[in-house]
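First to last, the sequence lines map onto chains A and B.
Just so we're aligned: the first sequence equals residues 1 to 315 in my numbering.
Just so we're aligned: the second sequence equals residues 316 to 659 in my numbering.
Read the hints as simulated data drawn from the structure, not as lab findings.
Worth double-checking, as some hints may not be accurate.
With a cut-off of at most 16 angstroms between alpha-carbon atoms, the simulated EDC-like pairs for lysine to aspartate or glutamate come out as follows [to be verified]:
1) Lys391/B / Glu322/B
2) Lys399/B / Glu224/A
3) Lys425/B / Asp309/A
4) Lys338/B / Asp325/B
5) Lys324/B / Asp408/B
6) Lys230/A / Asp309/A
This structure is a prediction, so every number in the text was calculated from the model and none was measured.
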Amino acid sequence: MGKYLARRILTTIPVLVGISFIVFALVSFAPGDSISLMLSNETVNVENVAKLKAELGLDRPWYVQYVSYIGKLVKGDMGRSVQFNRPVAEMIGEKIGNTFKLTIFSCLVSLCIAIPLGVLAAARRRSIFDYSATAIALVGVSMPSFYLGLLLILFFGLRMGWLPIRGLPTYDSTFLKQIRYLILPSITLGSSMAGILTRLTRATMIEALGQDFARTARAKGQSEMGVLFKHAFPNAFLPILTTFGMQFGSLLGGAVIIETIFSLPGLGMLAMNAVKFRDLPLIQGTVLVFAICFVAVMLIVDILYVFIDPRIRYD
Amino acid sequence: MADNLLEVKDLRTYFRTEEGVVKAVDGISFNLERGKTLGIVGESGCGKSVTSLSIMRLIPNPPGKIVSGSIVFEGKDLLTKTEKQMRGIRGNDISMIFQEPMTSLNPIMKVGTQISEAILLHQKIGTTDAKKKAIEMLTRVGIPMPEKRMDSYPHQLSGGMRQRVMIAMALSCNSKLLIADEPTTALDVTIQAQIIDLMKKMRSEFGTSIILITHDLGVVSGLADDVVVMYAGKIVEKAAVRDIFKDARHPYTIGLLQSIPRIDQEVERLQAIEGVVPNQQEMPPGCAFYPRCVRATERCRTEAPPLESFDAGKRAVACWNAVKREAITMSDTGNAPMDGGKAK
């Protein structure tokens, strides 16, 4: 087991190196120039541009730039934001907490909807409940999140006035207060994942319930609930977990849009602004952090496998 | 009067499918005496497994349904029990083992936990005692190092070991009736013999009655007292195991017997029963076996033969042209060419 874990953790290293290179390359070779943005209109001339380029090390060959980028990265230096003239790492550190809150809440929302809905739909297959659950899941998957977000804002925020529709109170406010602000964005962000996971849970549960071991459990005198949750669900959980990990990536991508709609000061909004201003170091930093989060989640999923499925440990 | 543990009367289990109603079990009756073993024999799709699942009331509904009949276990009809009452019976009074020991155990649960689960469901004891009982059961079914094996997962055991675990689990609550659905089919021949021996041992130790479902008459001869032969959802012949092997009456039973390879007879080729079990939608109006039968006549085509008793009710056969012992000739034993098309 230790061997498996060590091997799995080591495989993330080349992945991370690859990510850092792609992130570096995408931004370095992208058209557009942040130098001219940095200089005010009067001072843009060949001499000043060359001077600033030399100052920032942008006149060196790309591979030299990449090596120095990696060297700094290892020390936690992600460069300085061109727009704000502050260390990128510090800015990301300020915002990442909010994005974590949003994504974790969205995951919770989608799991809390998807798993009970999917399990019960499988248990009451071909019933009205099953058909309704499938229909709800279809809506969840198909509805664009920005549109759902606007509908939620319109109804729960503006019409009913139950929930706040924008922003997130800063650190001095209580956690409970922050939850209120996270409800609508989390539902918006989690809905598509909830839809996908509901359908998947239903399908894998139907498969597990048809397996021989489910019949053995029934023949033992186990109740239908016992068969569902003690036998079928743990077996159905592996594919659910895998998809959950994969979907987490699109959740991070979705955070960019949702944070903008709900004016949530998170990593997504930071990335959005960085793109608008061609703030290259900040773009690199945010994209890198998103990618690392995704790699970390996949790693966690793979480690969880080992604890859920004993067959993996000995393979 | 015989002390019957189980009396099945006119059991009918039908499945509703898109192509129409499939009569998987169509009016079968049999009794099982306490401490005895009944073999239910037939080809795939003859309704033997559906019979066993009907007794357990584990027919998936929909699409399946027990439409009529009675299953009287220890004097009480199981078909009138509530689902909760049935849960108290399953795994406790009646337990079951299945064909595929690989897939019949939960792959991600320790075998010890799976055995303890059965004990905890039916006996008012704590987890520690249940674990002790599970270890005891593993010892009794001949698993070496039972304490260590408690923590094994099914994939770490061989097929034979897994079937032993299944038997340990099934008998952990001292069941009165064990239904074994093809318990040896998925195993190697040497392991098959071991499992049959184990079942015999368990039968004498626990006094369990057994319903043995198989397509393998060899297994039946080793274990069963009585035999019921099923074809297309109906019983075609009933007899004591000795009589079946010495004096089978139904052409189908004779065909089954001839398809067993035998060491004491020199035969050029094994005799197969030509054709396949008819599709339920294409079931002939008369005898279901008629299209494959060597003795078929015009009457067989139009009229289904009833199951008629003889030998003072000890035996029964459903055939218009049942073979009389004296009358067995070479053509009946099948060395003559199959001639199913004659009566068409």
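Structure-based check of all given hints:
With a C-alpha separation of about 10 angstroms, the suggested pairing of Lys391/B with Glu322/B holds against the 16 angstroms cut-off. Distance restraint check for Lys399/B and Glu224/A: the Cα-Cα separation of roughly 10 angstroms lies within the 16 angstroms cut-off, and the hinted pair is therefore satisfied. Distance check on the hinted pair: Lys425/B and Asp309/A sit about 11 angstroms apart at the alpha-carbon level, within 16 angstroms; holds. For the given pair, Lys338/B sits about 13 angstroms from Asp325/B by alpha-carbon distance, which is consistent with the 16 angstroms threshold.
For the given pair, Lys324/B sits about 20 angstroms from Asp408/B by alpha-carbon distance, which is inconsistent with the 16 angstroms threshold. Between Lys230/A and Asp309/A, the direct Cα distance comes to roughly 14 angstroms. Compliance with the 16 angstroms bound is thereby established for this hinted pair.
Checked against the numbered hints above, the structure violates only hint 5.
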